[in-house]
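K.L.:
Here's the letter readout for the chains.
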Amino acid sequence: MSDLVVNDVSMVFDTPSGEQVHALENVSFSLKQGELLSILGPSGCGKSTLLNIIAGFLAPTDGTVELASTEIHGPGSDRGMVFQQGALFEWLSVAENIGFGLTMKGTPKDEIKKTVDHLLETVGLHDFGEKAIYELSGGMQQRVALARCLANDPDVILMDEPLGALDALTREKMQGLVLKLWKETGKTIILITHSVEEALFLGERLFVMAPRPGRIKKEYSLPFAEAGVTKDPRDVKADPDFGAKREEILNMIWEMEEEIMGQAEE
Amino acid sequence: MSFIQTLKQSVGLSTDGLTKRKTVTFGDTTAVGNGRFWSIISVITLSMAWYLGSALELVNPIFWPAPSAVWDQFINISQDGYRNFTLWEHVWASLYRILVGFALGCLIGIPLGFAMGLSEIIRGWFDPIVEFFRPIPPLAFIPLVIIWSGIGERSKILLLFFAALWIMVIAARAGVGSVKLSKIHAAYSLGATKRQILMHVILPNSLPEIFTGMRVAMGICWGTVVAAELVAAESGIGFMIMAASKFLATDIVILGVIVVGVIGYAIDILMRKLEDKLIPWKGKA
Ligand SMILES: Nc1ncnc2c1ncn2[C@@H]1O[C@H](COP(=O)(O)OP(=O)(O)O)[C@@H](O)[C@H]1O
Ligand SMILES: [Mg+2]
Numbered sequence: 001m002s003d004l005v006v007n008d009v010s011m012v013f014d015t016p017s018g019e020q021v022h023a024l025e026n027v028s029f030s031l032k033q034g035e036l037l038s039i040l041g042p043s044g045c046g047k048s049t050l051l052n053i054i055a056g057f058l059a060p061t062d063g064t065v066e067l068a069s070t071e072i073h074g075p076g077s078d079r080g081m082v083f084q085q086g087a088l089f090e091w092l093s094v095a096e097n098i099g100f101g102l103t104m105k106g107t108p109k110d111e112i113k114k115t116v117d118h119l120l121e122t123v124g125l126h127d128f129g130e131k132a133i134y135e136l137s138g139g140m141q142q143r144v145a146l147a148r149c150l151a152n153d154p155d156v157i158l159m160d161e162p163l164g165a166l167d168a169l170t171r172e173k174m175q176g177l178v179l180k181l182w183k184e185t186g187k188t189i190i191l192i193t194h195s196v197e198e199a200l201f202l203g204e205r206l207f208v209m210a211p212r213p214g215r216i217k218k219e220y221s222l223p224f225a226e227a228g229v230t231k232d233p234r235d236v237k238a239d240p241d242f243g244a245k246r247e248e249i250l251n252m253i254w255e256m257e258e259e260i261m262g263q264a265e266e
Numbered sequence: 267m268s269f270i271q272t273l274k275q276s277v278g279l280s281t282d283g284l285t286k287r288k289t290v291t292f293g294d295t296t297a298v299g300n301g302r303f304w305s306i307i308s309v310i311t312l313s314m315a316w317y318l319g320s321a322l323e324l325v326n327p328i329f330w331p332a333p334s335a336v337w338d339q340f341i342n343i344s345q346d347g348y349r350n351f352t353l354w355e356h357v358w359a360s361l362y363r364i365l366v367g368f369a370l371g372c373l374i375g376i377p378l379g380f381a382m383g384l385s386e387i388i389r390g391w392f393d394p395i396v397e398f399f400r401p402i403p404p405l406a407f408i409p410l411v412i413i414w415s416g417i418g419e420r421s422k423i424l425l426l427f428f429a430a431l432w433i434m435v436i437a438a439r440a441g442v443g444s445v446k447l448s449k450i451h452a453a454y455s456l457g458a459t460k461r462q463i464l465m466h467v468i469l470p471n472s473l474p475e476i477f478t479g480m481r482v483a484m485g486i487c488w489g490t491v492v493a494a495e496l497v498a499a500e501s502g503i504g505f506m507i508m509a510a511s512k513f514l515a516t517d518i519v520i521l522g523v524i525v526v527g528v529i530g531y532a533i534d535i536l537m538r539k540l541e542d543k544l545i546p547w548k549g550k551a
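Those protein sequences? They're chains A and B, same order as listed. The numbering used here puts the first sequence at residues 1 to 266. The numbering used here puts the second sequence at residues 267 to 551.
Because the hints were derived from the structure by calculation, they are not lab data. Treat the hints with caution; some may be incorrect.
Unchecked claim - Partial list, derived from the structure: chain A residues whose beta carbon lies under 10 angstroms from chain B:
| hint | residue |
| --- | --- |
| 1 | Ser-77 |
| 2 | Ala-132 |
| 3 | His-194 |
This structure is a prediction, so every number in the text was calculated from the model and none was measured. All C-beta atoms, glycine included, are put in the ideal place defined by N, C-alpha and C.
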């Protein structure tokens, strides 16, 4: 199985002014294949840094990351990325964007077409294959980004605030799509978000991170993602347990923000 | 739509419904139409002034010839030529120089700009050179170029190469710099190699900047070639103007100036059309 193991990872940035930023300190966790982890935390607590280390774009100052028992030393097509926005290739059509990874690998054209057509269907964009990227709305663009990532059949999908730029209604729809894809494909997913509600609704597991040094402050195991696959998202979010957790986490993050403000004033 | 409305719209005089209802229009640039109607009036007025001025013999034709004289020269030189070449041969001589010099400038400048954008060593090496030559007007090199390779084709092409080179280097470098890191990261995560990232991400991503550079370079080259031909040449539209001025053939001079203007304008229109066709995503990302 392609388990992901993050082992005692630390990341210290040396700033030009000579200061050291402890972006991550001794972060450890492991994800079984098919788990969906959401990560929350005030900005600057090292969420993106952690994701970039797992993606292989940054080498940690300490610790290791292993996927399927192999240590990660750089980016690879076994870990797909979905960014907030602007990471699609405007010079390519929707279909060409989705087929990009396969084209780079030299996959035969008819095979690419089959995969792309299937994925267009999956993300609800059939008939949009020949459209240009700039003709699509923000939500549709994120659908393309998801499909482009899936086309490569990665083991892990890493998402850094993928829905952060969308309006509230589109965002809810997309949350449903993420859950659907997760169930259908059985991929391991790590999703960073700023929205407590989104983290609770999508995460089978949820980490709340704290800054200075960046670390996992609290971990939850949640039933809502599983429930959201079959039940109406509204009902899931109206669950009293959901509301209680939301208040608890909001308070936690609120306190951290206060603390950061306090430190800044000193 | 009534005939009047159609007419108004075709000359750019119709105000759209939204603008009509706006209470504040000064400063709202979307409320400023293209004013095509006034452009037409402007051109007609200037033409009339030229025609009347000559017909009433207000100015000496040596200084400013009649439109008919310029038109006659246009027909004449188109058919019989001036100084061994017809008008079109002169135009083509100038255009040919530009195309070769410009193409060479792109051929060297774009890869160099790319290399400067991607490698610290190459950027460091070439930065002083580029920054030094960039602000020098290409015409300042005419004497040097003439010493090196005379007044033939080679010297002019060299000059135009120089004019286009720095613009293209800077455009390509800016193009590389404009690529978003998330695009590069996405491509790596999709399994692309360095070479594929260069060809399939960095290159297409920089096309808008490169194309803008090409348009600027084309404009500079056109101005430079005409000026260079004024100094030393045996053919070309600039040469035609210079030769005619020595004989006070002002009608030919004016004809030459008009041709220079029209062709410069046509080149720019052509480049814009090409841009719309080749880079439809520009400014829409
Ligand atoms: N390249 C870098 N150089 C120096 N400091 C950095 C760099 N990247 C991130 N940091 C710092 O590391 C901390 C964590 O950043 P980041 O992972 O982007 O946070 P988040 O995504 O949670 O908002 C921040 O304090 C940030 O300023
Ligand atoms: Mg971040």
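K.L.:
Would you mind marking each hint as holding or not holding in the structure?
P.N.:
A quick look at each hint next to the structure:
no. : hint    : in the structure
1   : Ser-77  : 3 angstroms, holds
2   : Ala-132 : 6 angstroms, holds
3   : His-194 : 17 angstroms, violated
Checked against the numbered hints given earlier, this structure breaks only hint 3.
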